[in-house]
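To convert, count from 1 in the first sequence and add 4; that's my numbering.
What the hints contain is simulated information worked out from the structure, not anything from laboratory work.
Beta carbons: idealized from backbone N, C-alpha and C, even for Gly.
Incorrect hints may have been included.
Quick list of in silico lysine-lysine cross-link-like pairs, DSS-like style, CA-CA up to 30 Å [unchecked claim]:
no. : residue 1 : residue 2
1   : Lys171    : Lys186
2   : Lys349    : Lys65
3   : Lys197    : Lys186
4   : Lys314    : Lys52
5   : Lys130    : Lys91
6   : Lys135    : Lys34
7   : Lys171    : Lys65
8   : Lys130    : Lys100
9   : Lys34     : Lys130
10  : Lys34     : Lys52
11  : Lys303    : Lys314
12  : Lys314    : Lys349
13  : Lys91     : Lys171
14  : Lys70     : Lys34
15  : Lys52     : Lys65
16  : Lys52     : Lys91
17  : Lys65     : Lys34
18  : Lys171    : Lys135
19  : Lys104    : Lys52
20  : Lys186    : Lys135
21  : Lys171    : Lys70
22  : Lys312    : Lys65
23  : Lys130    : Lys70
24  : Lys70     : Lys100
25  : Lys312    : Lys70
26  : Lys65     : Lys91
27  : Lys135    : Lys180
28  : Lys197    : Lys34
29  : Lys104    : Lys135
30  : Lys52     : Lys312
Okay, the calculated beta carbon distance ranges per label pair [to be verified]:
no. : residue 1 : residue 2 : range
31  : Asn200    : Ser63     : 48 to 54 Å
32  : Phe276    : Ala298    : 14 to 20 Å
33  : Gly336    : Ala298    : 19 to 25 Å
34  : Pro43     : Lys186    : 37 to 43 Å
35  : Lys314    : Thr131    : 43 to 49 Å
36  : Lys104    : Leu188    : 31 to 37 Å
37  : Asn311    : Gly56     : 43 to 49 Å
38  : Arg68     : Lys303    : 20 to 26 Å
39  : Thr158    : Asn279    : 42 to 48 Å
40  : Gln48     : Asn279    : 16 to 22 Å
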Amino acid sequence: MESQVGGGPAGPALPNGPLLGTNGATDDSKTNLIVNYLPQNMTQDEFKSLFGSIGDIESCKLVRDKITGQSLGYGFVNYSDPNDADKAINTLNGLKLQTKTIKVSYARPSSASIRDANLYVSGLPKTMSQKEMEQLFSQYGRIITSRILVDQVTGVSRGVGFIRFDKRIEAEEAIKGLNGQKPLGAAEPITVKFANNPSQKTGQALLTHLYQSSARRYAGPLHHQTQRFRLDNLLNMAYGVKRFSPIAIDGMSGLAGVGLSGGAAGAGWCIFVYNLSPEADESVLWQLFGPFGAVTNVKVIRDFTTNKCKGFGFVTMTNYDEAAMAIASLNGYRLGERVLQVSFKTSKQHKA
DNA sequence: TTTTATT
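All chains, full assembly: derive it from the sequences and hints.
Written out as structure tokens, the structure is:
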């Protein structure tokens, strides 16, 4: 299915170049593997135990989306012994796990030049095979993977596919050379462009999803509601309280002592975020809350000695409506394995 | 007319 390239040994040593590998440094190219097409629901623990069954693992990582915590369907395994890495490829590559056939290969050295090298191709002749598509593109560089999407029922090509090159430059050249061109004997020209980057898309998709799902659950069809009314309903959800008068929001009555922060951090609405993972960092909070509006400050509360997150943090937002929308949307949101609790920070300290 | 390949 996929091309079997991937990783491969490093190129020949340069004449007169420095001799590498004589100082006892680890040669990652022989121990570090990339694993692709993992089932979506596989956990880090399952991933580790599967590959740990081959031999001693130096480190391994199931790659997850920064924001949602969802598995991205691939991971890395670094073995202590190169022989185990080789054994893992021989025994686990092609293994069927649920609906997926996993791919295990040597990881290429990580570098900026291999990122964003994935192309989206459309307008392909329905008769074109994956191999033919690869032949068309291989003149521009080394192909890491290719895929043609097919109709799930009939199995016939949808005329749409992906090509991942080893280097971004190669992908750029392929766009220049093939976008708008007709393959030999084809009636229509093909479109070649960079594929959507899933990691960038997530924020937007998350937002859209949250808005739509909250609005539907709590306010009914959007076209029957005004902005004001929708926000009111979202607030009902955020507080778990029935609110009878929308005017209460505008006046912000009933909210005394809640959320509004003064002090050195500047004015704004302070939001309490609970059930963050020990690995959570500030960037996660920026990414989660940023899409809802102006965020002036985020803070992850960490243990002094371990520097791990103690499970909660704070976010300050400038505008009340945006803060309320963020709370309504993100409270109860599942972040990885955890369900977030999000609310305005309450001031328990005040003694009247 | 968008699958989940770079920590």
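Right, here's what the structure says about each hint:
no., hint, result
1, Lys171 with Lys186, "24 Å, holds"
2, Lys349 with Lys65, "35 Å, violated"
3, Lys197 with Lys186, "15 Å, holds"
4, Lys314 with Lys52, "25 Å, holds"
5, Lys130 with Lys91, "39 Å, violated"
6, Lys135 with Lys34, "29 Å, holds"
7, Lys171 with Lys65, "23 Å, holds"
8, Lys130 with Lys100, "28 Å, holds"
9, Lys34 with Lys130, "40 Å, violated"
10, Lys34 with Lys52, "19 Å, holds"
11, Lys303 with Lys314, "11 Å, holds"
12, Lys314 with Lys349, "17 Å, holds"
13, Lys91 with Lys171, "28 Å, holds"
14, Lys70 with Lys34, "28 Å, holds"
15, Lys52 with Lys65, "8 Å, holds"
16, Lys52 with Lys91, "16 Å, holds"
17, Lys65 with Lys34, "17 Å, holds"
18, Lys171 with Lys135, "20 Å, holds"
19, Lys104 with Lys52, "18 Å, holds"
20, Lys186 with Lys135, "17 Å, holds"
21, Lys171 with Lys70, "24 Å, holds"
22, Lys312 with Lys65, "18 Å, holds"
23, Lys130 with Lys70, "37 Å, violated"
24, Lys70 with Lys100, "27 Å, holds"
25, Lys312 with Lys70, "17 Å, holds"
26, Lys65 with Lys91, "19 Å, holds"
27, Lys135 with Lys180, "21 Å, holds"
28, Lys197 with Lys34, "33 Å, violated"
29, Lys104 with Lys135, "21 Å, holds"
30, Lys52 with Lys312, "22 Å, holds"
31, Asn200 with Ser63: 48 to 54 Å, "30 Å, violated"
32, Phe276 with Ala298: 14 to 20 Å, "18 Å, holds"
33, Gly336 with Ala298: 19 to 25 Å, "23 Å, holds"
34, Pro43 with Lys186: 37 to 43 Å, "39 Å, holds"
35, Lys314 with Thr131: 43 to 49 Å, "59 Å, violated"
36, Lys104 with Leu188: 31 to 37 Å, "34 Å, holds"
37, Asn311 with Gly56: 43 to 49 Å, "27 Å, violated"
38, Arg68 with Lys303: 20 to 26 Å, "23 Å, holds"
39, Thr158 with Asn279: 42 to 48 Å, "45 Å, holds"
40, Gln48 with Asn279: 16 to 22 Å, "18 Å, holds"
In summary, the structure is inconsistent with hints 2, 5, 9, 23, 28, 31, 35, 37 from the numbered list given earlier, while agreeing with the others.
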